[in-house]
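2 protein chains.
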Amino acid sequence: MAEITKRSDDYSRWYQDVIAAAELAENSPVRGCMVIRPNGYAIWENIQRTLDDKFKELGHVNAYFPLLIPKSFLAKEAEHVEGFAKECAIVTHHRLKQVTVDGKTTVVPDPDSKLEEEYIIRPTSETVIWDAYRKWIQSYRDLPLLINQWANVMRWEMRTRMFLRTTEFLWQEGHTAHATAEEGRAETLQMLEAYRWFAEEILAIPVLPGPKTENERFAGAVETFSIEAMMQDNKALQAATSHDLGQNFAKAFDVKYQDAEGKVEHVWATSWGMSTRIMGALIMAHSDDNGLVLPPRIAPTKAVIVPIWKNDEEMAQMCEAARDLAAKLSPVVGTVHVDDRDKMRPGWKYGEWERKGVPVRLELGPRDLAGQQVMMAARHDRKKQPVGFAVLADAVQAELERIQTDLYDAAITRRRENTHVVDSWDAFTDLYTKGDGGFALAHWCGGGDCEEAIQQKTKVTIRNMPFERDETPGECVHCGKPSIGRVVFAQAY
Amino acid sequence: MAEITKRSDDYSRWYQDVIAAAELAENSPVRGCMVIRPNGYAIWENIQRTLDDKFKELGHVNAYFPLLIPKSFLAKEAEHVEGFAKECAIVTHHRLKQVTVDGKTTVVPDPDSKLEEEYIIRPTSETVIWDAYRKWIQSYRDLPLLINQWANVMRWEMRTRMFLRTTEFLWQEGHTAHATAEEGRAETLQMLEAYRWFAEEILAIPVLPGPKTENERFAGAVETFSIEAMMQDNKALQAATSHDLGQNFAKAFDVKYQDAEGKVEHVWATSWGMSTRIMGALIMAHSDDNGLVLPPRIAPTKAVIVPIWKNDEEMAQMCEAARDLAAKLSPVVGTVHVDDRDKMRPGWKYGEWERKGVPVRLELGPRDLAGQQVMMAARHDRKKQPVGFAVLADAVQAELERIQTDLYDAAITRRRENTHVVDSWDAFTDLYTKGDGGFALAHWCGGGDCEEAIQQKTKVTIRNMPFERDETPGECVHCGKPSIGRVVFAQAY
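Chains as they are written, first to last, in this note's numbering: chain U, 1 to 493; chain F, 494 to 986.
A hint or two may mislead.
Label pairs and their in silico Cβ distance ranges [said to hold, decoys possible]:
| no. | chain 1 | residue 1 | chain 2 | residue 2 | range |
| --- | --- | --- | --- | --- | --- |
| 1 | F | Ala753 | U | Trp197 | 46 to 54 Å |
| 2 | F | Ala679 | U | Pro386 | 40 to 48 Å |
| 3 | F | Lys877 | U | Gln138 | 32 to 40 Å |
| 4 | U | Gln138 | F | Lys499 | 27 to 35 Å |
| 5 | F | Thr673 | U | Met344 | 48 to 56 Å |
| 6 | U | Ser139 | F | Lys499 | 40 to 48 Å |
| 7 | U | Glu320 | F | Pro966 | 32 to 40 Å |
| 8 | U | Ser139 | F | Pro879 | 55 to 63 Å |
| 9 | U | Asp10 | F | Gly755 | 33 to 41 Å |
| 10 | F | Phe960 | U | Ser139 | 48 to 56 Å |
| 11 | F | Ala753 | U | Glu320 | 21 to 29 Å |
| 12 | F | Glu572 | U | Gln258 | 53 to 61 Å |
| 13 | F | Gly755 | U | Lys459 | 47 to 55 Å |
The set of hints was computed from the structure by calculation and includes no laboratory data.
Idealized CB from N, CA, C, for every residue including glycine.
Here chain U stands alone, though its shape is the one from the complex (with noise of 0.2 Å):
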């Protein structure tokens, strides 16, 4: 087991060194792609199931459309194509032939099976869907329109990080269309405040919900608004984002619905996403030096017992108890995992479990088992505290709930201690260069032409406008014209 490097040493390795140790995730030999490993799979299939709870529960329902798209669809949305028709992996053949080179077999594309048009493996699936849904939609009687995706998608990154920007990543991308405006209005904020739910009720990650500037909007949309959530680094992550994406895209594949009263208009749409990086954020916004910390509610282990022997008779008795704790507790709380192994120490095992971010640990010794009480451990501030049998259940419960607040409360106040209003460029750059960086709740012109001088000056974006925000007009940080209020700038990963 290798060790785990201190955050304050090596911010970008510690985070690393979490995923390693939490067997969360590896890089693979195909460029810029990573392996979920079962560890993190697992938390994925969590974040998933509650996701799609939810969205079943505001309407929608879910579909399949294919993962190639032909080239010529990108280029039907003016914006869109220019967004996305960059890098991205194309297929040009469909068949390999063997051949043999200097006496060695190799493969090669066949030139004979060149495609007429060629494919791009979907980077987003606008296109791919909005031509079914010409397709779909005749009437008003078939809107709204709810369906969201569960897929793969595949952008060409030239810098990855696992999790936080990969090649490939997987995501879920809901696909809306309205009769009206308003409705589709409606729909990017539903979402985006289910999102905000997610992170802050499921994943403890506080964030700030708002609408992107327009140099940030998704290619395509009329208005893109996004949830952003602080790192333990003070750095911004974009934890989803919603579109509103008006009639662009009915437009763009002639989607259009007749209303009661006979009238034809093209439909509004809308999308929305949360990918696999979000695993990214969450493992960031807990963690420590010791390794992961997950809380309770999207963590697929809520608590491990330890049972502790000292010779093979106090082993069969000690797992047996332990067997029976966790099926009592295993309806009550979640998963229970018992740590039976044999030929490991109690202290490696402590270590493990740590390092894998399960919430709660339960020691069972044979002095416990006889006083008919475990030594409870929390993983994140390491409080530990004997708990008879009888109320075994019910502290379980409660200690889980103290945790999920106890992480929700740490964010909170590390996201207020830097959080900074600044009102001079000498304190912006002062902020991010010789301090600690964070948020910068400062004024801004509104200028595209502004914001991105101040991107190639200091790397630092604005993150969004939240909607909790000063608009008390200023004078903007960096150009000192006057201001349509203040917005967050962070640097972002």
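Put chain F on the given structure of chain U with help from the hints.
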């Protein structure tokens, strides 16, 4: 609403019509790829949930491996490359660039973005997974490794049919590693049994489990097992496969483990999969000339309530009563839908829910409400009966069980009636030219050449060598040589 072609008129068009009428899927503009519509995907979600629970109950965990496979990986296992380095999607470039030709802007693969080594989109993931297993397996303590993946895969098919054979399809692929040959074989058979259970108990499709012939083995397997079902047109459909891979992939990717005594050896492997192809089997197994018929255990909606009214006052009253009933029924029987759509006649609604395969329909009119009863109709045999509100949940539950049993019984009767013991080449060819086809239980010499000759002459293949079969030797139905016993022949999808 287009008419559904009768099975007796054109079975193949009937199949397509049922898919269209039930809104399960449609062809896409991407060659050989389909769009799985919400009604179809809801069934797939139930399949996923049920199989996934079963896999986990048997100790498996999920993970995710890259979509793309380096070309060279395929070549590592000699038979595997023969089998899969054929029709596949090949990624050769990673960037599109805009060019203007005759004043028109278009996008083309940027020659500067040509990849050094091409990737293929996974046709199956043995290679990329075994490359990872090399890093994960060192000791007997790491075994068994029991991993499953839910993923999309792609095989460039020339002749495609929705669900049955599509270029892209969805599936699960299990990939396990074991310390001994015996354990590997036991896992292979255990998963085959899991598939048999799923097909028979959940989908109500009787299947024959057994090994495939050597000719039909998975590329790289030492033994392939399948479950084979009979469709209503008497053709066979391979519903799932489970492969004993021996040490082939472990040797190709150099995956070794050290046993408790310190001896180092290659591990033993299995892989097994079920795909969206099973949706084709499910549709064909039970549906009729009125549309889709679904076994209740896999149906997303168990029952639909159709309220009947003559005026607005009645409408409000009936819809409210229907919603009350649904709220009481759902916790007991599963999802119950209320069709409260205005401006559609009850008869039209009945037809729609018949086409969509909802197992039970409950009709509720003013007179029914006055008598505190509904009219309950079964989709598959159209039997109708009045049921009092007081006993409705139990009655619907019992009706769903009756339907499940009926569908299985009908399928197994059909299979029995269309399974023939055939002892001469004339009788064999007559069965598949003049007769109705079906399963032929006939003697086979065990020779691959003979098997191929039979296929060339009659398009009939050996489906598998069922575990439960007559192993008394006889004379091969084709060449007359001594046989290995009777195997199952059929024309197949």
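Quick rundown of the hints versus the structure:
{"no.": "1", "hint": "Ala753(F) - Trp197(U): 46 to 54 Å", "verdict": "holds (50 Å)"}
{"no.": "2", "hint": "Ala679(F) - Pro386(U): 40 to 48 Å", "verdict": "holds (44 Å)"}
{"no.": "3", "hint": "Lys877(F) - Gln138(U): 32 to 40 Å", "verdict": "holds (34 Å)"}
{"no.": "4", "hint": "Gln138(U) - Lys499(F): 27 to 35 Å", "verdict": "holds (28 Å)"}
{"no.": "5", "hint": "Thr673(F) - Met344(U): 48 to 56 Å", "verdict": "violated (24 Å)"}
{"no.": "6", "hint": "Ser139(U) - Lys499(F): 40 to 48 Å", "verdict": "violated (30 Å)"}
{"no.": "7", "hint": "Glu320(U) - Pro966(F): 32 to 40 Å", "verdict": "violated (53 Å)"}
{"no.": "8", "hint": "Ser139(U) - Pro879(F): 55 to 63 Å", "verdict": "violated (36 Å)"}
{"no.": "9", "hint": "Asp10(U) - Gly755(F): 33 to 41 Å", "verdict": "holds (38 Å)"}
{"no.": "10", "hint": "Phe960(F) - Ser139(U): 48 to 56 Å", "verdict": "holds (54 Å)"}
{"no.": "11", "hint": "Ala753(F) - Glu320(U): 21 to 29 Å", "verdict": "holds (24 Å)"}
{"no.": "12", "hint": "Glu572(F) - Gln258(U): 53 to 61 Å", "verdict": "holds (57 Å)"}
{"no.": "13", "hint": "Gly755(F) - Lys459(U): 47 to 55 Å", "verdict": "holds (54 Å)"}
In this structure, the earlier hints numbered 5, 6, 7 and 8 are contradicted, and the remaining ones agree with it.
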